[in-house]
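Student: Heads up: the sequence lines are chains Z and E, in that order. Just so you know, the numbering used here puts 592 at position 592 of the first sequence, and the rest follows in order with no gaps. Just so you know, the numbering used here puts 222 at position 222 of the second sequence, and the rest follows in order with no gaps.
None of these hints come from the bench; they were simulated from the model. Be careful, since some hints might not be right.
What the hints assert, rightly or not - Here's a subset of chain Z near chain E, in silico, CB distances under 10 Å, partners left out:
#1 Tyr188
#2 Ala232
#3 Pro235
#4 Glu392
#5 His443
To be verified - Derived pair list, reagent style DSSO-like, types lysine-lysine, alpha-carbon separation capped at 30 Å:
#6 Z/Lys191 with Z/Lys180
#7 Z/Lys248 with Z/Lys258
#8 E/Lys297 with E/Lys162
#9 Z/Lys350 with Z/Lys575
#10 Z/Lys135 with Z/Lys191
#11 E/Lys6 with Z/Lys446
#12 Z/Lys105 with Z/Lys190
#13 E/Lys79 with Z/Lys446
#14 Z/Lys479 with Z/Lys405
#15 E/Lys297 with E/Lys161
#16 E/Lys13 with Z/Lys446
#17 Z/Lys176 with Z/Lys191
#18 E/Lys79 with E/Lys193
#19 Z/Lys479 with E/Lys162
#20 E/Lys297 with Z/Lys410
#21 E/Lys15 with Z/Lys446
#22 E/Lys147 with E/Lys161
#23 Z/Lys485 with Z/Lys410
This one's a predicted model, so the numbers in the text were calculated from it and none came from an experiment. Even for Gly, the Cβ is constructed at its ideal location relative to N, Cα and C.
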Amino acid sequence: MNREAQTRYNDFVVRFANVNGSGSASANNMFAKALFRMGIPLAIRNLFPSNIQGLPTWFEVRINEQGYVGRREGVDLMVAMNAETYAEDVESVLPGGYLLYDNSKPLPEKFVRADINNIGVPIATILLDEFQDAKQRALFKNVVYLGVLSALLNMDFEILCNMVQVSFRGKDRLIKPNIKALEIGRNYAKKNLHCPLDIQVRPCDAVGDKILVDGNTGSGLGFVYGGATVCAWYPITPSTSAVEAFEKYANRTRIDPKTGQRNFAIIQAEDELASIGMVIGAGWNGARSFTATSGPGLSLMSEFLGLAYFAEIPAVLLDVQRTGPSTGMPTRTQQSDLLSAAYASHGDTKHVLLIPSTPRECFEFSALSLDLADRLQTPVIILSDLELGMNETLSEPFVWDDARKYDRGKVLDAQGLEDSERFGRYLDPDGDGIGTRTLPGTHPTKGAFFTRGTSRDSYAAYTESPEDYVANMQRLEIKWETAAKMVPGPEVDQSQNSDYGLIYFGTTALPMPEAVAQLSAEGINMDLMRVRSFPFNADVYDFISSHKQLFIVEQNRDAQLKSMLVTEGSLNPEKLCSVLYYGGLSITAEFISSEVIGYFENNNWPRLSGVNL
Amino acid sequence: MTFVSKPAVHHPKLKLNELGLNRRDYEGSLSTLCAGCGHDSVSAAITLACSELSLPPHRFAKISGIGCSSKTPSYFLGKSHGFNSVHGRMPSVATGTNLANSSLHLIGVSGDGDSASIGLGQFAHIVRRRINMLYIVDNNGTYGLTKGQFSATNDQGSTSKKGVPNLYAPIDLVSMALQLGATFVARSFSGDKAQLVPLIKAALMHPGFAFIDVISPCVAFNNHEGSTKSYGYVRDHDSQVVAADLVMHRDEITADYAPGEREDITMPDGSCLRLRKLSADYDPRDRLLASNYIMQKAAIGEIVTGLLYIDPAASDCHTIMNTTTQPLSELDESVLCPGATVLSEINSSFR
Numbered sequence: 001m002n003r004e005a006q007t008r009y010n011d012f013v014v015r016f017a018n019v020n021g022s023g024s025a026s027a028n029n030m031f032a033k034a035l036f037r038m039g040i041p042l043a044i045r046n047l048f049p050s051n052i053q054g055l056p057t058w059f060e061v062r063i064n065e066q067g068y069v070g071r072r073e074g075v076d077l078m079v080a081m082n083a084e085t086y087a088e089d090v091e092s093v094l095p096g097g098y099l100l101y102d103n104s105k106p107l108p109e110k111f112v113r114a115d116i117n118n119i120g121v122p123i124a125t126i127l128l129d130e131f132q133d134a135k136q137r138a139l140f141k142n143v144v145y146l147g148v149l150s151a152l153l154n155m156d157f158e159i160l161c162n163m164v165q166v167s168f169r170g171k172d173r174l175i176k177p178n179i180k181a182l183e184i185g186r187n188y189a190k191k192n193l194h195c196p197l198d199i200q201v202r203p204c205d206a207v208g209d210k211i212l213v214d215g216n217t218g219s220g221l222g223f224v225y226g227g228a229t230v231c232a233w234y235p236i237t238p239s240t241s242a243v244e245a246f247e248k249y250a251n252r253t254r255i256d257p258k259t260g261q262r263n264f265a266i267i268q269a270e271d272e273l274a275s276i277g278m279v280i281g282a283g284w285n286g287a288r289s290f291t292a293t294s295g296p297g298l299s300l301m302s303e304f305l306g307l308a309y310f311a312e313i314p315a316v317l318l319d320v321q322r323t324g325p326s327t328g329m330p331t332r333t334q335q336s337d338l339l340s341a342a343y344a345s346h347g348d349t350k351h352v353l354l355i356p357s358t359p360r361e362c363f364e365f366s367a368l369s370l371d372l373a374d375r376l377q378t379p380v381i382i383l384s385d386l387e388l389g390m391n392e393t394l395s396e397p398f399v400w401d402d403a404r405k406y407d408r409g410k411v412l413d414a415q416g417l418e419d420s421e422r423f424g425r426y427l428d429p430d431g432d433g434i435g436t437r438t439l440p441g442t443h444p445t446k447g448a449f450f451t452r453g454t455s456r457d458s459y460a461a462y463t464e465s466p467e468d469y470v471a472n473m474q475r476l477e478i479k480w481e482t483a484a485k486m487v488p489g490p491e492v493d494q495s496q497n498s499d500y501g502l503i504y505f506g507t508t509a510l511p512m513p514e515a516v517a518q519l520s521a522e523g524i525n526m527d528l529m530r531v532r533s534f535p536f537n538a539d540v541y542d543f544i545s546s547h548k549q550l551f552i553v554e555q556n557r558d559a560q561l562k563s564m565l566v567t568e569g570s571l572n573p574e575k576l577c578s579v580l581y582y583g584g585l586s587i588t589a590e591f592i593s594s595e596v597i598g599y600f601e602n603n604n605w606p607r608l609s610g611v612n613l
Numbered sequence: 001m002t003f004v005s006k007p008a009v010h011h012p013k014l015k016l017n018e019l020g021l022n023r024r025d026y027e028g029s030l031s032t033l034c035a036g037c038g039h040d041s042v043s044a045a046i047t048l049a050c051s052e053l054s055l056p057p058h059r060f061a062k063i064s065g066i067g068c069s070s071k072t073p074s075y076f077l078g079k080s081h082g083f084n085s086v087h088g089r090m091p092s093v094a095t096g097t098n099l100a101n102s103s104l105h106l107i108g109v110s111g112d113g114d115s116a117s118i119g120l121g122q123f124a125h126i127v128r129r130r131i132n133m134l135y136i137v138d139n140n141g142t143y144g145l146t147k148g149q150f151s152a153t154n155d156q157g158s159t160s161k162k163g164v165p166n167l168y169a170p171i172d173l174v175s176m177a178l179q180l181g182a183t184f185v186a187r188s189f190s191g192d193k194a195q196l197v198p199l200i201k202a203a204l205m206h207p208g209f210a211f212i213d214v215i216s217p218c219v220a221f222n223n224h225e226g227s228t229k230s231y232g233y234v235r236d237h238d239s240q241v242v243a244a245d246l247v248m249h250r251d252e253i254t255a256d257y258a259p260g261e262r263e264d265i266t267m268p269d270g271s272c273l274r275l276r277k278l279s280a281d282y283d284p285r286d287r288l289l290a291s292n293y294i295m296q297k298a299a300i301g302e303i304v305t306g307l308l309y310i311d312p313a314a315s316d317c318h319t320i321m322n323t324t325t326q327p328l329s330e331l332d333e334s335v336l337c338p339g340a341t342v343l344s345e346i347n348s349s350f351r
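Extracted from the complex, chain Z is given alone in its bound form:
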């Protein structure tokens, strides 16, 4: 057989099965980063339990030269380093795939599959021979299998060694034994195994100037660049690392070198109610402030969000969504907070949402949210999710224009007050529904007002007059229309000029190019729209009205985006078919395309002619 002809380059899924707390993460990360440095597009997915130590954890890397890096079912190469999960790990390997395991002890008969290739490496035995210290042996186990993989997959060994040197810079005595462990694994593989496999990597230049980063890092960094000075938060997976990123970069860039004083304040609050309260208190005083949370925290913040909406106070909330309801699956992803975020709090409330899809967009939307909150004097909620927030993926680099100025919105200073006749906080001077605000302490005699969650007239005086109340609520509606013109519009691709349109948002963007290709191969060509914000602007409804049939892909059970589109746009729901995945893993291209194809088959909708089905 011509082996070369069957070799699959830069297109496979490797999954590492480890025990959490065993130090596998750094070795696995080195594996992924080395491939990234070879110029190969990839995405990393951590599948971890809500636990500190001792439970199974998986690290999955999808490698794909075309850039299809959404999650894909099935594993091509399983690095099975956790005996506890052998059964399911062996099960998940695709027929013809590979299982790399430690054969210091034989693989139990019941786990042996005839249709996959078992690659046994006696890692424990080798380590026993080479390293005296038991602790070292445990750590180097991960490095040894990395060495084995470098030979099996034909990785650039120099890049790998270089990564060891960089990652242990400052702890130089660790470099040598780590490289030794790498070499032990590599040499063993070269001597005893057939290398490389028929799935392997080769250098390419498909990465360009992209970076490999997680969304929460982008979010935290965006808040630094956007000028946030106050962060109040309560720890919750999967949002915590966004605050940690803010703190890391603020510590690096916001400490006055002369005085050592900080140009920011971070408070770990007692709960999410307090976090959002602090953010609102700071926003009321003109400081840019944000909090980060996940679903349960969003629920707790509801009352305050209603206050900020009604009293018109800037506030930014990053919600890194996880699987609900209730505690749900805290370490799994979902897009299920749309409704509770959009309409958080009692009474007639609605909130501006920004929905990023990439780490770069996380960065941009963080900075943008602070501008929008100040401009619109209202809460802005960014809806990220665990898939985006906590997993490293390829992203366009972060960019910043040094000429950019923060938009602080309509704030009247002392001189402005001096020049004005009578200040009215809730007047609508420009017809855009947005009043002018003053900050506490501005002027000795003018501009002070009482902020409240109760109804008030244009001059901020308490009122129970139906006319004043209605006028105020209507002004808030005008402001809502203004918001629709300011939020980022959808990303639209109408190049197919199709009768069919596919609507998606957030991390569904990752598998989308692959899903489109799969559909196209079936004679189904779609126009695409990625919704990026709420309120929906005119472009969103134009796209819907210009297509006969639409598919809305969501990672929740209740078709939440569809509900919002139908309600806000008075649409006929029949025009909108839902594609819903909500199992807690990220949605796959295969799932999207097969669901859409199912609709076509069930309804006998016509496909493109000339495609052989």
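Here the structure of chain Z is known, so what remains is to put chain E in place on it, guided by the hints.
Tutor: Structure of chain E alone, referenced to chain Z:
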């Protein structure tokens, strides 16, 4: 509901303070609370204290939660911004205010329902965080706006207007504040202006978190025989320990005290806090003693009032966090944004 606006005219002989302002310049709008409500006396005391301290009346932020007490920031310091937030959450909004603008004088007004029930968690944590502010609780032991239910500070056995006794143990916010590390703790009575006004002045000048629990009778629902928060009961059971007079550095100290009865504490701004001991066996700088003393007196039905504890070396949240002395709200792009060059370095770290 109708509102009568206050006449702006004032008596020509009203005393002017250092800023050339009189007491009326520190007032707010007309109160809508019940006639005789203790809370109005507290508002009046705040007005007087701020005026006597000659602080600019617009340089305050007044934050409150929900309830009768929380309406009161409308009724004093009308030239300052106020924020009537949500029930039990005044501390978090006050914290955010202080984080954003540390240059404002911060007054939080809360009630016993607001602080001891729904907001007990936020109360505890703002004490821990040492936000530089005056935190006043108008404590009447009852829910006024919802017509007279017991609050969590209501004493066990104290009766409602209909004669029903309260079955549960009270929460003593003063004891809690002491336990949680507050650096200025006082209790007073809305009917005792002579005691309350100096305490508010001292609290406002305290460079850290200052807590005053003011027993403030509810004339509508908790001022009857059988209540332990009525005017009559508090007057009969008030046990004053330490009176505090804030002597501004410009003032000559003329009052004469017997030796051993007084103690002067120099404040950071150079003014002097003069403590007069009204009880020989009390030391307001001993946290442990204060706690014990208050509980011992409570056991025999006495309400200890006065300056209960002070730590003159107090620090605040900003000192602990080492934040810049300039208000964070005033910082602009030049300080806050690291710029494109730094960003490209950061990008490189992800390659």
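Student: Could you tell me which of the hints above the structure violates, numbers in ascending order?
Tutor: 1, 3, 19 and 20
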